[in-house]
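Enquirer: Read off the chains here:
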Amino acid sequence: MGLLQPDPFLNELTSMFERNRDKGSVWVTVKRSSMKSKSQKNKMATAGEPVEYRCLIRATDGKKKISTTVGAKDHQRFQASYATLLKAHMAALKKRERKDKKKGVDGDRKDGAGSTKKPKRV
Amino acid sequence: MVYVTSWDEFVGRSVQLYKADPQSTRYCMKYRHCDGKLVLKVTDNKECLKFKTDQAQDAKKMEKLNNIFFALMARGPDVDLSEVTGKEQMEAQPAKKGRGRKQ
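For the record, the sequence lines run as chains A and B. Its first residue numbered 1, the first sequence is counted upward by one per residue in the UniProt record's numbering. Its first residue numbered 1, the second sequence is counted upward by one per residue in the UniProt record's numbering.
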């Protein structure tokens, strides 16, 4: 797929996580990069131009590759949406185990929640 | 290559690794939903640090490390990290206070 804008990248990453739910892994690599080839960098160095760096984010599931870059100005917005995306899709990780007790309490809470909320409104 | 077992050690060493060579250090995470496993890796092609987990609480810690690396890589290795970690605490505290008073 190649280089995308941050928002399309996040959409693609979402579907990549979904495609690999039952089988497969997702890799995300983050790296500081100038997005220029070595010869370009050398040219700029000899010309005395400052080399600008951005943060390059690449993702793959072994079949498809997508990438995007974020700069100093927009990385905070991106990292917030990235964090919510990860939270939504990393659901297979184990919660702290308090097996039987929790299940019972959860069931009671669901039943109790409806009845406790209603009196508040009245 | 051995997995680093302590999270704090992993964070400390990986940030150190990045600061020593910002241009060639990369931060990689691998997530496998069907096995519920998460592996984080930081390497500069000479040294490699890895952290493996299957715990949801470590995903929260990872979020903080993500923020650290996004800041370090987008803004540069000299960025003030206390700013990144400090902001989160600032945001979390007022929210808690608000909830407590309302009820």
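Think of the hints as simulated: they come from the structure by calculation, not from any bench. Hints should not be assumed to be uniformly reliable.
Stated by the list, open to error - The list that follows gives simulated cross-link-like pairs (lysine-lysine, DSS-like), each with its CA atoms no further than 30 Å apart:
1) Lys23/A to Lys19/B
2) Lys30/B to Lys43/A
3) Lys37/B to Lys36/A
Claimed, not checked - Residues of chain B clear of chain A, computed beta-carbon distances all greater than 12 Å:
4) Tyr3
5) Val4
6) Val11
7) Thr25
8) Lys46
9) Asp54
Think of the CB as a built atom: it goes at the ideal place given N, C-alpha and C, for glycine as much as any other residue.
Enquirer: Any hints from earlier that this structure breaks? Give me their numbers in increasing order, please.
Expert: 1, 2, 3, 7 and 9
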